[in-house]
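Participant: Read off the chains here:
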Amino acid sequence: MEQDFLLSAPITFLSIMATILMVVDALIKKSSKITFTLSWLTLGITGVLAAWTLKHNGTAFNGMITVGSFGAFFDILFCMGALLTLIAARPYMQRENLEHDEFHSLILFAVSGMMIMAHANSLLILFIGIEIMSVCFYILSGYMRSSVRSVEASLKYFLLGAFATGFLVYGMALIYGATGSFDYNQIFMAAQHELRFPSLMMIGIGLLLIGLSFKAAAFPFHQWAPDVYQGAPTVVTAFMSTAGKIAAFSAFMPIVAIVSPADTEMKIQIILAIISAATMLVGNISALTQTNIKRMLAYSSVAHAGYLMMGLVAISAHHARGVSGILYYLSAYLFMQLGAFVIVSILERSGEKNLEIEDYAGLSKRHPVLAALMTIFMLSLAGIPPFAGFFGKYYLFTAAIESGYTWLTIIAVISSIISVYFYIGLIVKMYFTEPNESGESTQQLPGIASITLAVSAVAVVFLGLMPAGLLDVIKLLFGN
Amino acid sequence: MNLQSIPLEYYLSLSAIMFTIGTVGVLTRRNAIIIFMCIEMMLNAVNLTLVSFSAFMGDSAGQMFVFFVMAVAAAEAAVGLAIVLALFRVKQTVYVDEINIMKW
Amino acid sequence: MNKSMIDLIYLVPLLPLIGFFITGLFGKKQKSEALIGGIASAAVGGAFVVTALIFMTLVGHGSEERSHIVRLFTWMQAGSFTIDVSYQVDQLSILYTLIITGIGTLIHIYSIGYMHGDKSFPRFFAYLNLFIFMMLNLVLASNFLLTFLGWEGVGLCSYLLIGFWYERKFDGSFIVWTGDAAKKAFIVNRIGDFGVLVAMFLMYNQFHTLDYTAVNAQAAAGFQPGATLITTITLLLFLGCTGKSAQIPLGVWLPDAMAGPTPVSALIHAATMVTAGIFLIARNATMFALSPTTMAVVAGIGVATALTAALVGLVQNDIKKVLAYSTVSQLGFMFIALGVGAFTAGVFHVMTHAFFKALLFLGSGSVIHGMHEEQDIQKMGGLKKYMPITYKTFFIGTLAIAGIFPFAGFFSKDEILWNAFSQGHWVLWAVAVIAAFCTAFYMFRLLYLTFGGKERFDHHHIHPHESPKTMTFPLIVLAFLSVVGGFLGIPYALSIGGSIPNLLEHWLEPIFAPAMEILRRPEVHEVHAIEYGLMAASLMIAILGILLARSYYKNASDQPQAMANRFSGIYKLLWRKWMLDEVYQYFIVDVFYTISNGFLWKIFDVKIVDGVVNGTARSIASASELLRKIQSGIAQNYAIMMMVGIVAILVWLGLGT
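Residue numbers (this note's numbering), protein chains in the order written: chain A, 1 to 480; chain B, 1001 to 1104; chain C, 2001 to 2657.
Derived from the structure by calculation, the hints contain no laboratory data. Yeah, the Cβ is synthetic: ideal placement off N, Cα and C, and Gly gets one too. Do not rely on the hints blindly, as some may be mistaken.
Claimed, not checked - Label-pair distances were calculated between CB atoms; the ranges are:
| hint | chain 1 | residue 1 | chain 2 | residue 2 | range |
| --- | --- | --- | --- | --- | --- |
| 1 | C | I2630 | A | N62 | 29 to 37 Å |
| 2 | A | K29 | C | W2652 | 22 to 30 Å |
| 3 | A | E356 | C | H2460 | 55 to 63 Å |
| 4 | C | K2031 | A | V369 | 16 to 24 Å |
| 5 | A | G447 | B | D1059 | 53 to 61 Å |
| 6 | A | S146 | C | F2073 | 53 to 61 Å |
Let the sequences and hints guide you as you build the complete structure.
Facilitator: Following this line, the structure appears as structure tokens:
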């Protein structure tokens, strides 16, 4: 029992601190400085705790959660994402005059939900994790209460999210009925034998995948993403589109692995492949004609879910590189997508201004450093070496080819060619066009958000130049 | 009357029908609050499925799950109503088809 | 001077990289152009010196010990998948490195003068240094992935440099701004890169390595000539080459790439980057030799490009566009050489072409500079007396590209033609000769219209002047190289019974030996009478082209003089007035003009090739519009969309269970 608490320390510590933070918020007025300090300390300590449990590999609390290894790797990613978001959020929230109430504790609660998702070893725990995260996101996306867009985003996210939750739990219930358990290991064992209700099992798996695809924003369950990402406060979008997506995949990976024995006719695998192909095509093609930068990045994040699902296809085909491919890509994706959104948040002006791609014309003149960093993130998102995005794609594409999905890889390559068009389009805007007259000239200093940008940019370049380091860690943790 | 005297299929069919009714409601109603009530109905249909599996297998895990679903539904209800309220403040409407500033 | 010298190869790419960081980070604050330009040039010059020392070391080794792999560090490792950052120093890569750093240094020096006063002076040099770094990685790499890194990197630099003067308008097909030209180049190249990427996947899947040596050795050991997999891989690689080296069907970007500053056109779009495609094939000669189909495709595309580009070149009036089309055409010649298995001849032409094309571009830059940014040759004329050095060096370059003995172009072009003929591809030979004829014609047309005849520019606004020393010095060096460069590869027929060695062939022989073995080409050391005949014929045809150009353009706007010249002898009168003039006018000029202007340029180049590219773009854009419509903004419509997906998935899962 002590061992259980010790090894699940990252989750318990973070949850307790999030609760304390909420109380502090309620008791102390003008508490933002205290809560900010407390929350970044909490995230830092949680990250260290997670790193400490990284080498362990087992379960705790009667097999309800896994500890160490896989979950701990994700804990670190979540803490990193949340920490970078919080730092970037501080100047943004001050400028937008939003720094009140439970912003920090909501972020922490969302992280605790994500961590529970990544550690889940039972469908019940997975459900609780998803809901903790989602409820926090519903609130966070509507955080600018006076903004129509923000509230609209919140409502759309809430209604569609709750709708998808219905399918998710229905799927869980059917799997429970077919296998007699919520436990991952027992479902895995049961799936290898003859089941009582094989058709219920298949439908249950289908519904579960649908629910998770919604969280990952995969076609045709992606339509909420552009609206929500556009309407939500930009720093929240940065957090949702990175950590939220990583959490969805942290839940997706073990699920695909445990249900794959039941997939004797490869039907699930083919569904995943088709969703993957459709998602990247739809995401990239839709992004082409966007004029709002947040919306463009939102569609690009949809497309990236498509690339990531190639790794799920590989996992479903029992290919080991699927796992390491997804882990590497998620790490790279965290930094490049977060960095891009944070730049958007720095350039944004109150009242949702300065968010059109047109407003980025001649940015290299006004903010040469921001333009250069944006270029790095765009090139990485477009998958151009030597940045991290290239190697992420490379691994996933190789994994898909080796799993026998050459057609999927060809679609992936074509859609990434399409994506070059709008990523490069932004660079052309920033470097090769003159700023328009109405373009704002006031110098907005990024403040401490520059820490986030520096860390993200260094990570994108470093992961691209030296992918070996991270891959070694992944290999050490998960074998090959 | 014993629970098991009615075959499992009946329970499952009933819950599937309830789930479908809820789904159709979500797709057809305009009022955000009623849509949310339909979602609640979908969740309750799932609860019925869980309870009946639980009873027929003699396994309590399913009933435990039901409690969590109910707790989550309550939390969602609180958040959802707050969002609808906030929306009404800025837009004076609760009809979802009138909420489409962000599109394309 | 031994192995340890070769280990210093890392300095070669490192120096330009350092130069990039210095000029990029500190250049903006620095006011002194001389300092920035000096640092950038010194970085590349230093790389050249190191390369030259390594080259000397290699020369000192026996011919079997000239190939070295210098491993720097492990780039990435995942299971059995290991990629090192390691450089392959051998005869081929060191030759390329010499060309890149050598010509690179000259062009850096030239740019100090050319870019003088530009507001983004440091940025320009930072990009140039970065380009050199990337290009060196491309050619020095010992595996495909590192080459691919350089391959993408040079594409990026090319893109940055084409769009360097982004505020300028540029008149290209479907293009208004230089930024659009840059984007076009980048995107067209990505299509080619797609081929390389897929080829790499296939190779890794098959051979479990991406090292050049291992891949080629395993391909030679494990596959019969004509194996489908090898054909697929090589064709995909060749798709990448058509992108980078501007061959049909991906060559559309190069003429528009002239939107960039002229030194960039000289360095990237003539001398180095565009020959990356030839490098990739030469590096994998063994694999290409295994696939007769690919070889035929390479030769076919090469000859088609050589001819069409040469024909289009006939009617261009922009000095840089003429040179751009001639570059495309000359690259086509190189692919002909590769396609018929004459790898040495192809690489030889890369080298000589680098000399004279860099010279011509820099010369045109000098003209543009002296003419205050005028590029239309119809508005020039008579510049001979204003810019004597530019004229003389340009003249040498023109003779070299036209293939006049004993200038560099003669030897390399002749070797390509002879190889095509001796392998029995006389059609290739004939078409290539026509292309060579056109080349001689339009190059001398360019020369006469620019430097000869009447002054057609506005004397009030334009005062042509010779360029500064930083610009003329590289011209003189390159002119010298264009004169003597060819002697490195003297064909056996001209070697006076073998007493003068063919240095280049000897040097590259071990590299292409495995490929030659597969192609079963025994070396011929007999002098054929026919070889002399062909040599004379191609020389005659080049001279014919020159004479025709001379008669038409030497005094284009100087009619009395032209008439006098024309009637100066019976011979001329007969030849020109009664036969050739008319024949030429009605059968050649009109037909060619119609074909090249009416069809090739306006229809083939602009409509078909650009049309396909633009058509694809348009259909994707309309798909995007359609998807926008589906995204209605109403939550319930999204729920319906989800429902459609859910029902589809459940029906699919329910089927058959």
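Participant: Please check whether E356/A and H2460/C have a Cβ separation lying inside 55 to 63 Å.
Facilitator: violated (46 Å)
Participant: Confirm or reject the claim that K2031/C and V369/A have a C-beta distance inside 16 to 24 Å.
Facilitator: Between K2031/C and V369/A, where Cβ atoms are some 21 Å apart, the hint holds.
Participant: Between I2630/C and N62/A, does the beta-carbon spacing fit 29 to 37 Å?
Facilitator: violated (46 Å)
Participant: Honestly, do G447/A and D1059/B meet the 53 to 61 Å range at C-beta?
Facilitator: holds (55 Å)
Participant: Check the following: the C-beta atoms of S146/A and F2073/C are separated by a distance inside 53 to 61 Å.
Facilitator: holds (55 Å)
Participant: When you take the CB atoms of K29/A and W2652/C, is the distance between them in 22 to 30 Å?
Facilitator: The hint (22 to 30 Å, Cβ to Cβ) is violated, given that K29/A and W2652/C are roughly 57 Å apart.
Against the hints set out earlier in the document, violations occur for numbers 1, 2, 3.
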